[in-house]
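Number of protein chains: 2
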Amino acid sequence: MANKIPTRIYLSEDEMPKHWYNLRADMKEKPELLLHPGTLKPVTSADMEAIFCKEPVKQELDDTTRLIPIPEGIQDFYRAYRPAPLIRAYYLEKDLQTPAEIYYKFEGVNTSGSHKLNSAGPQAYYAKEDGLTSLTTETGAGQWGTAMAMACAFYGLKLTVYMVKISSEQKPYRKALIEAYGANLIPSPSNTTQTGRKILETDPNTTGSLGCAISEAIETAVNTEKCRYVLGSVLNHVLLHQTIIGLEAKVALDKYGIKPDIIIGCAGGGSNLGGLISPFMGEKLAGKLNARFIAVEPASCPSFTRGRYAYDFGDTAKTTPLIRMQTLGSGFIPSANHAGGLRYHGMNSTLSKLYHDGHLEARAETQTEVFDAAVRFMKVEGILPAPESSHAIKVAIDEALECKRTGEKKVILFGLSGVGNFDMTAYMAYNNKTMSDYIPTDEDLQKGFSSIPDIPQNG
Amino acid sequence: MANKIPTRIYLSEDEMPKHWYNLRADMKEKPELLLHPGTLKPVTSADMEAIFCKEPVKQELDDTTRLIPIPEGIQDFYRAYRPAPLIRAYYLEKDLQTPAEIYYKFEGVNTSGSHKLNSAGPQAYYAKEDGLTSLTTETGAGQWGTAMAMACAFYGLKLTVYMVKISSEQKPYRKALIEAYGANLIPSPSNTTQTGRKILETDPNTTGSLGCAISEAIETAVNTEKCRYVLGSVLNHVLLHQTIIGLEAKVALDKYGIKPDIIIGCAGGGSNLGGLISPFMGEKLAGKLNARFIAVEPASCPSFTRGRYAYDFGDTAKTTPLIRMQTLGSGFIPSANHAGGLRYHGMNSTLSKLYHDGHLEARAETQTEVFDAAVRFMKVEGILPAPESSHAIKVAIDEALECKRTGEKKVILFGLSGVGNFDMTAYMAYNNKTMSDYIPTDEDLQKGFSSIPDIPQNG
Numbered sequence: 005m006a007n008k009i010p011t012r013i014y015l016s017e018d019e020m021p022k023h024w025y026n027l028r029a030d031m032k033e034k035p036e037l038l039l040h041p042g043t044l045k046p047v048t049s050a051d052m053e054a055i056f057c058k059e060p061v062k063q064e065l066d067d068t069t070r071l072i073p074i075p076e077g078i079q080d081f082y083r084a085y086r087p088a089p090l091i092r093a094y095y096l097e098k099d100l101q102t103p104a105e106i107y108y109k110f111e112g113v114n115t116s117g118s119h120k121l122n123s124a125g126p127q128a129y130y131a132k133e134d135g136l137t138s139l140t141t142e143t144g145a146g147q148w149g150t151a152m153a154m155a156c157a158f159y160g161l162k163l164t165v166y167m168v169k170i171s172s173e174q175k176p177y178r179k180a181l182i183e184a185y186g187a188n189l190i191p192s193p194s195n196t197t198q199t200g201r202k203i204l205e206t207d208p209n210t211t212g213s214l215g216c217a218i219s220e221a222i223e224t225a226v227n228t229e230k231c232r233y234v235l236g237s238v239l240n241h242v243l244l245h246q247t248i249i250g251l252e253a254k255v256a257l258d259k260y261g262i263k264p265d266i267i268i269g270c271a272g273g274g275s276n277l278g279g280l281i282s283p284f285m286g287e288k289l290a291g292k293l294n295a296r297f298i299a300v301e302p303a304s305c306p307s308f309t310r311g312r313y314a315y316d317f318g319d320t321a322k323t324t325p326l327i328r329m330q331t332l333g334s335g336f337i338p339s340a341n342h343a344g345g346l347r348y349h350g351m352n353s354t355l356s357k358l359y360h361d362g363h364l365e366a367r368a369e370t371q372t373e374v375f376d377a378a379v380r381f382m383k384v385e386g387i388l389p390a391p392e393s394s395h396a397i398k399v400a401i402d403e404a405l406e407c408k409r410t411g412e413k414k415v416i417l418f419g420l421s422g423v424g425n426f427d428m429t430a431y432m433a434y435n436n437k438t439m440s441d442y443i444p445t446d447e448d449l450q451k452g453f454s455s456i457p458d459i460p461q462n463g
Numbered sequence: 005m006a007n008k009i010p011t012r013i014y015l016s017e018d019e020m021p022k023h024w025y026n027l028r029a030d031m032k033e034k035p036e037l038l039l040h041p042g043t044l045k046p047v048t049s050a051d052m053e054a055i056f057c058k059e060p061v062k063q064e065l066d067d068t069t070r071l072i073p074i075p076e077g078i079q080d081f082y083r084a085y086r087p088a089p090l091i092r093a094y095y096l097e098k099d100l101q102t103p104a105e106i107y108y109k110f111e112g113v114n115t116s117g118s119h120k121l122n123s124a125g126p127q128a129y130y131a132k133e134d135g136l137t138s139l140t141t142e143t144g145a146g147q148w149g150t151a152m153a154m155a156c157a158f159y160g161l162k163l164t165v166y167m168v169k170i171s172s173e174q175k176p177y178r179k180a181l182i183e184a185y186g187a188n189l190i191p192s193p194s195n196t197t198q199t200g201r202k203i204l205e206t207d208p209n210t211t212g213s214l215g216c217a218i219s220e221a222i223e224t225a226v227n228t229e230k231c232r233y234v235l236g237s238v239l240n241h242v243l244l245h246q247t248i249i250g251l252e253a254k255v256a257l258d259k260y261g262i263k264p265d266i267i268i269g270c271a272g273g274g275s276n277l278g279g280l281i282s283p284f285m286g287e288k289l290a291g292k293l294n295a296r297f298i299a300v301e302p303a304s305c306p307s308f309t310r311g312r313y314a315y316d317f318g319d320t321a322k323t324t325p326l327i328r329m330q331t332l333g334s335g336f337i338p339s340a341n342h343a344g345g346l347r348y349h350g351m352n353s354t355l356s357k358l359y360h361d362g363h364l365e366a367r368a369e370t371q372t373e374v375f376d377a378a379v380r381f382m383k384v385e386g387i388l389p390a391p392e393s394s395h396a397i398k399v400a401i402d403e404a405l406e407c408k409r410t411g412e413k414k415v416i417l418f419g420l421s422g423v424g425n426f427d428m429t430a431y432m433a434y435n436n437k438t439m440s441d442y443i444p445t446d447e448d449l450q451k452g453f454s455s456i457p458d459i460p461q462n463g
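Here the protein sequences come in this chain order: A and B. With the numbering used here applied, the first sequence corresponds to residues 5 to 463, in that order. With the numbering used here applied, the second sequence corresponds to residues 5 to 463, in that order.
Not one of these hints is a red herring.
Pairs count within a copy or across copies, as identical chains cannot be separated in the list.
Simulated crosslink set (BS3-like; lysine-lysine; CA at most 30 Å straight-line):
1) K202 - K230
2) K132 - K169
3) K292 - K34
4) K22 - K259
5) K263 - K22
6) K437 - K169
7) K162 - K58
8) K263 - K408
9) K8 - K22
10) K383 - K132
11) K169 - K451
12) K162 - K98
13) K292 - K414
14) K8 - K259
Hints listed in this document are in silico derivations from the structure and should not be mistaken for laboratory results.
If we strip away everything but chain A, and leave its shape as in the complex, we get (with noise of 0.2 Å):
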């Protein structure tokens, strides 16, 4: 018998959203521009095409245009992978016995595992029509950089990807799937740039850091021709590309006539949560939707729940613009047994700015409550959860037993933003209970606040 509203909705081609959302345009409170850390003035076009391409910079720059088109070339590439279903979650639902209806958008069902491929393409597409050759990035836990090696692979670019070397040791299963999509991987850091030799010198040993891999990238994009370099979130022009993940969701539910309550996403740079509540956020900016918003992070990186709203640097380097977020400080370093990504010290200028203005709530969950989740999830759902998307279940179970609680027929949509195939040395953590649960005391947090830079907008 099948469903009334399907398990799993699909739009068609036509369907489809043809242009990106920018939340920014609809809030009258606006997050910060960006600042020349030298000058202390906004950045300017001219200072950020040296290392970016153009129409994300313009797209970064701009606070005011609602729709931006996505061009035709770019939709070809979302129609290689998307749409990405809208998925009740019955099962789930029935093993909570709660009253709530759960939906959770899944963003898993491509190669890259994730939602990174949302904004890789479109880079790489503007790459393509700057006139570049090729691009250089940096990745961690390497969603990232493979998102990016599929992109440059279809649009036909050249990319070098600087992958933190501990962690291209550890999963080399990754490292092999960037390189059968053609990518150039260099373990990080390297004698490829001055910054890795500098680092080398000092200490040749060194496990590397996402810091470091940043600065190496930046350098090998602005020292090769016809070259530029790509980040994976942070940004809003990012986050503006991962509009498409609330954009379909909203076709979705629209179709069906549902409005959801609550929208969780778990947060680590913000892209993929931005992207989740974006149209939705829109709506309750104007006064049209009656819900509330909560971003999940990890108890071992708190940027939203014990940050500081400061401008800050988005790399430990101290190179790139200072942008108003939520940050523990650049120099902040997350606990090495911490399983999944969401390591990021600061968090999105615009997610930042509602937090800040009682818009957008948060929450901090340790590890193996997270985990718990996830494993309740995957036996009843089917899909093994990214532990990073985890954090945005754990939550979505917490609020759909007070549902139970309270009898409460809710609506929680949340953004499942990838799957854990790459991830399952943490499973195993998990599995054989030696995964920590370690938060930061305030001295650690103190330590990463004192490298939030000291100028009169921070006072």
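Add chain B to chain A, keeping to what the hints say.
Using the frame of chain A, we list chain B on its own:
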């Protein structure tokens, strides 16, 4: 601009098949009956029910009922991850510059990563219906073990998986996934069975074999209260469950009035190939469809192209009923360097009969050429294919290039049975050019043939 025929065709829940299709009912020349190895008489339900669940045994022995209803409890399971998309390979067509239209039925969009779940669900469901509390099975590469672990978690059954020892050591992530779903995983040979203990006594350092794992799983099932054994390929009831693949594909093609000219699938034990082609072969046998059917096997394990059509055992320990099939002999051992699955010595009896009678063609392909095709495919279509499935890709590309040569606009349909996320060691060997293309010599084959039993029917 949306495509006239969408890139991905998804059925609605109402359109999903409510019956499996039993091809044998429409074959004038039926596959030979299973024989009891002691009496050489056809096996009875009673013989088989000591090991297997009741309904699967009934299905195994039924070669006259055309349509077998899919119980609502199994349709409910199918809705958790189906329908699987039928994909128009627009990007591959463009890359090949072929006038051919290429479609593939993609069965990798679930956590087990393959079509195996289509039979794991039904087998677990019937076990529950029989009042059983546990099941046993074996797994080599791990796809079937994962699928059964998922199905048993869904229906609330205990599961013991005997995993070939070397595989459990070389594929710790598969092991972790099976365990995360709550199954009890035992590296085989083990000291939990007589068979295992005997082998360990003789050779304590053995790395195990699928034949031994099967024997241990059967022994445990027979000696445990309310427990039976389940198998993931070769048998006709497994092929029956897999017809969901071909039935969905046919509904999707019929919606757009498309008739395939060539249908291609990879073949190990035959369940994926048989599931895909069954409804189309039924039409061909009835004179309603003029299509070619091609089975693709690895050159390292060529049961169709170089095997014999003879009665043989299904396992190396020679405990199963005798099956008339294309076989290399149960003693045949494929090269250790062979990367993917498709290592089985025999072939489903229905497919063997169709091949023997000239309704089905077969081709054998070498590893490196198969991976060349896989990488070409993944760069444009964005999906990382399983090594097994890539055999079908290889021949689909060959046929599309033949169309380019002749200018014919044929419709090619192939089965993409799974993804390669847990097969990255094989891709690493390909990237590093350390992959072997060993093809068995006539002497190798002769050794295998000598294990085929010497019984009157084989004379």
